[in-house]
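K.L.:
Here is how the chains run, residue by residue.
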Amino acid sequence: MANAAIAAGATGRPVKYRSMSSDRRWAMRWSYFFLVLFVIFFLTPPLYMFITSLKSSGEISAANNPWWVYAPTLSNYAELLGQNQFLVFFRNSALVSVCVVAITMVISVSAAFALARMKFWGSATLATGVFLTYLIPDSLLFIPLFKMFAFVRDTTGIELMNHWWTLIIIYPTLSVPFATWIMIGYFASIPKELDEAALIDGASWMQTLTRIFIPVAMPGIIAATIFSFTVSWAQFLYPLAFTTSTDQLVLPVGIVTTLIKGDVFNWGQIMTGALLGAAPPLIIYAFLMDYYIAGLTAGATKG
Amino acid sequence: MAQVTLRKVIKKYDEVLAVRGVDLDIADKEFIVLVGPSGCGKSTTLRMIAGLEEISGGDIAIGGDVVNDVPPKDRDIAMVFQNYALYPHMNVYENMSFGLKLKRTPRQEIERRVKQAAQILDITELLDRKPKQLSGGQRQRVAMGRAIVRDPKVFLFDEPLSNLDAKLRVQMRTEIKKVHQKVRTTTVYVTHDQVEAMTLADRVVVMNAGLIEQVGSPHDLYHSPTTKFVAGFIGSPAMNFIPCQVEQAAGALRLRLNDKLAMPVPASRTNRYNSVVGRPNLVLGLRPEHITETRPHAEPDQHDFEVPIEVVEPMGMETLVYFTLNGIEICGRVNPNAGGVAGQPMKLRADLSNMHLIDDTTGKVL
Chain Y
1 MANAAIAAGA TGRPVKYRSM SSDRRWAMRW SYFFLVLFVI FFLTPPLYMF ITSLKSSGEI
61 SAANNPWWVY APTLSNYAEL LGQNQFLVFF RNSALVSVCV VAITMVISVS AAFALARMKF
121 WGSATLATGV FLTYLIPDSL LFIPLFKMFA FVRDTTGIEL MNHWWTLIII YPTLSVPFAT
181 WIMIGYFASI PKELDEAALI DGASWMQTLT RIFIPVAMPG IIAATIFSFT VSWAQFLYPL
241 AFTTSTDQLV LPVGIVTTLI KGDVFNWGQI MTGALLGAAP PLIIYAFLMD YYIAGLTAGA
301 TKG
Chain P
1001 MAQVTLRKVI KKYDEVLAVR GVDLDIADKE FIVLVGPSGC GKSTTLRMIA GLEEISGGDI
1061 AIGGDVVNDV PPKDRDIAMV FQNYALYPHM NVYENMSFGL KLKRTPRQEI ERRVKQAAQI
1121 LDITELLDRK PKQLSGGQRQ RVAMGRAIVR DPKVFLFDEP LSNLDAKLRV QMRTEIKKVH
1181 QKVRTTTVYV THDQVEAMTL ADRVVVMNAG LIEQVGSPHD LYHSPTTKFV AGFIGSPAMN
1241 FIPCQVEQAA GALRLRLNDK LAMPVPASRT NRYNSVVGRP NLVLGLRPEH ITETRPHAEP
1301 DQHDFEVPIE VVEPMGMETL VYFTLNGIEI CGRVNPNAGG VAGQPMKLRA DLSNMHLIDD
1361 TTGKVL
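Respectively, the protein sequence lines represent chains Y and P.
So the first sequence is numbered by the numbering used here: it starts at 1 and just counts up by one.
So the second sequence is numbered by the numbering used here: it starts at 1001 and just counts up by one.
Each hint should be verified, as a subset may be incorrect.
[What the hints assert, rightly or not] Straight-line alpha carbon distances no greater than 25 angstroms define the calculated BS3-like cross-link-like pairs of lysine-lysine that follow:
#, chain 1, residue 1, chain 2, residue 2
1, P, K1178, P, K1115
2, Y, K192, P, K1132
3, P, K1153, Y, K192
4, Y, K192, P, K1101
5, P, K1073, Y, K119
6, P, K1012, Y, K192
7, P, K1012, Y, K119
Honestly, the hints are just simulated from the structure, not real lab data.
Chain P on its own, in the form it takes in the complex (with noise of 0.2 angstroms):
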């Protein structure tokens, strides 16, 4: 069993706050992924998980055991690195099984397991090979290779694709959750990239300023975000937000977007949003796949208007369309063949079923 539990975990430096207190619950076999912008204390999360970093305050516990002052040797981890981190002077299979002999496992042992790891990962034939001679790629295989042979408690990542270019980024990425599917060890694995996030967590963790904003699978994350922090980072292009007012009409709520135009609140949150009415300071939260063009059937939900588009970027499977609402830019997600022209009017169809009304004081989603 390799459950990891973080309580209250802080970690200052100097008088800086760099983690604010992180409560995390990782379950044994999952794949936990942290996401946040660059300094939202990812990376010194996992590294006081790893033991390279002391936490300040706080308990972390992997396994049931607290391991705040245990050196990382001896907490049954393994690490790969943004930079892969692989020893230059040793070939690929002394690098595997570097950590195995200051061990004294039995050379048969060795020799079995990285025999093992090389074929899950595919790299039995680089075995005699230097660093230097390997891609980008073999040598982020390897640094996994060298991780996997340890059997360790707990897999750490630290933003390993980041050094390789697109293509072979979401090469490895199906790569490593094939890896982790065959060998099921719990993992944590640190990215900025939240298409990694997404693609591999079984639960996200989205921290943000030293703080968890939320954790939740990636679906409960794209599609009920508790904070705006998480609705503006999680999915791409981002999703937009437009300053709105909510007001009284006949027994309904309708959303006022400027003095042209209002929609009807979907029914269904009538309750949810009735608190709310005349508040100032709300956002209303739309992805861009519910800005389409029009159908000829619409839902109960769904509102056209019609806006000057002012840039056309076609991406092949769909074209996304900009305009301008209060001074503010919108994004929608159009059918390639729906005809928005740069500079003309267009018709566009927005979805409200799937709204997110959020109190811009707070940050929360209402």
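Only chain Y is shown next, with the shape it has when bound in the complex (with noise of 0.2 angstroms):
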């Protein structure tokens, strides 16, 4: 090391010692160098769909520039929006997501909160097992529901299959689990002293999950319900196994099933579909997304 340093004495270079503030700006330079590929990566599909949607069918099939409107149009829009079939198709979605959210959240909280604080025998195995029941693969579930549902229908004669409701009692086997888990985890980061205190001040179990816990595991109640919407928003394989007539269908499978025919694909109004689908998860995710940095935890114990 010495010689080293020697020899660049020599030859004239001083050894040089990179200043805080330049380090700083390399991990600046790096960060932002990663940010647009990510950006670049992740934008790139909407943008073109945004464009394609722009354009008339004449104009996607001829051979010229992919990435650019030669002549714009909002055809795809108005014929969209103009046929009843989406419009249902956005209704059944709509309806499936709210009620999976709502049913998603009271479970998965009540539980988590029960596993989370109330120690009783088993409590720990019970929160493994909501996790494991997470991992089986939502493939693997369709037989034995098509079993249940059959079993469902000869002995009462409710008839579950191809009705868009009945994603509402489906999807929340995929949603409860992993919300639970993410609740167990939040409600397990409130200090123990914070219930104490409620239950000396006289609250009672519920009160102690209204008034205290749902309020202050806000922002993780948030990311559930965020990811329980995007699980019933975004499902695609249960309503295409469990839903066929068109007015019972979701959007995803709605907008494959309709606007492919045979092999004849519909380019501009899927890509105008798919853009006006995935408008409502955006904009509750930047609603949501301010209260969710805005972060309540701050300031309940030492900090």
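Take the two lone chains, each set in its own frame, and fit them into one complex as the hints suggest.
P.N.:
Pasting the structure below:
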């Protein structure tokens, strides 16, 4: 080392030590480099969808620059929104998602509170069990679910197949375990003294949950809400398997089954539908993110 | 009336005994401090009084009623936690009124009590703030305010000052004492800091390994400890423990520290120590302030000796000097101007009128 430094000195080049600020500048450059890379990678598909949605069928199949719109038209939007069908898909999706989110949050928040705080016999095993159910791939659940539905029909006469509302029963099997897991983690991070203080203040378990835990765990609840909304809004396999009639379809399946006729792909409308379908989650996230970041937990205890 | 009584209280975690039979009578309006090293069972005892921890055996009574199976909210207690445990989403007013609201107290009454408590604690201008906008000391005041508004039978404090910095801790300590003088509620206070215990308590309860070592006023614990543990735990720097023997010397008793050093036992103690002459495993307990520099006039029970000083620690108002006797490090407190120099011999004076003789086999002060 010493020899190297002397050699460097001899050739007239002083050894340079990078200053803190220059270190920081380089770190920032690299961060921006990768951020830009990410943005390009993730925003290119939606941009392509947007560009395509503004083209007529003729222009899409023409062999010119796919990244440029020569004759912009809103005909895809007009046609899609003019169809009653598309609005039905949208309504089905919205109803299913809202109901699933509501059911998921009620079940998972109360389950997580019980598992995280009320120490009862087997609570730790149950908590692990909840997570394990999430690890079962959805596609393995088709056949058991079909069997169960057939059993329900045979015993009660209630037909569960081919109804959009059936999805409200099915989706929570996917969303509840994970949402519960998120909430267990979040509740566990709330200091034990907070519920002890509430207990001494005279709160029942229910009051502790509704008046202390839910407000304090709001960021976690929002994360779980976003998750369960995404699961039900974007779900494709289950509605494809369990619903068939056009008026019972939800958005992702509806777009694919009605806009692809045989081997004819109506690309303009598919892209338009996909873009419109992506809008609600986008708006909800943008709205909730602020709340999420606000972070309500600061100041509860030492800090 | 809110006296608290503990009778043979036991806490067992699986097979481990955390509290091994505690008996304690706390009088109405008394300020009791439970103190001890970590793991001595003091927090567990407090939490059992609060009802946050089930008791495995014995009885706890508050105001004469046994509360073993009474849930915390019906015990009429208020607790202040080490990490404050304020509700982060509520402002100070809401934090303080939460308990009263749950009890369906009329709105005007809630407002009156919160305002009054805020005045006592000097936090009136903070009532609209959220906990995260408060400093550590302010948060601790709010936590106390939450306790005061409920006007409980008993206040329970679980190491409330441990999260504060040293200066604020001293300030809040005085604050707590003032509040107690104003509201006069029976208080049980847990701390591992013996200075806090001494300054706050009417009576201090020293706990060790799940048992009470000694209960007494700060003065009693300091000057008449009954066990070696209490003698060593209370006081800073800690009491010196020097192995010694008691021998007969012409009708009087003599304390032999080593081959060269022996001092006469104070005449007033001759009867007390007569039975331990020649017994092994005896320890002389002498506080640092009773090992001083020599002064012109010696009292009857003061004896001078010379030792090489090893470390000198000037504290400002006094200087701590350390030397070794029989391989044990001994600390003395001398006047800053006495001129102790590390590495050089110094004449020191031991004041045996304040000595303690301890049987090291039983750990009891004789």
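K.L.:
Take the hints in turn and mark each one as holding or not.
P.N.:
Hints and how they fare:
Between K1178 of chain P and K1115 of chain P the alpha-carbon distance is near 18 angstroms, which keeps this suggested pair within the 25 angstroms criterion. In summary, the hint linking K192 of chain Y to K1132 of chain P is supported, as the alpha carbons are separated by about 18 angstroms, within the 25 angstroms threshold. Between K1153 of chain P and K192 of chain Y, the direct Cα distance comes to roughly 24 angstroms. Compliance with the 25 angstroms bound is thereby established for this hinted pair. Taking the CA atoms of K192 of chain Y and K1101 of chain P, the gap is about 22 angstroms. The hint holds against a cut of 25 angstroms.
Distance hint between K1073 of chain P and K119 of chain Y is fulfilled; the C-alpha atoms sit about 19 angstroms from each other, no more than 25 angstroms. Annotation: proposed proximity of K1012 of chain P to K192 of chain Y holds, straight-line Cα distance about 20 angstroms (limit 25 angstroms). The straight-line distance between the Cα atoms of K1012 of chain P and K119 of chain Y is roughly 17 angstroms, inside the 25 angstroms bound, and the hint therefore holds.
Of the numbered hints listed earlier, not one is contradicted by the structure.
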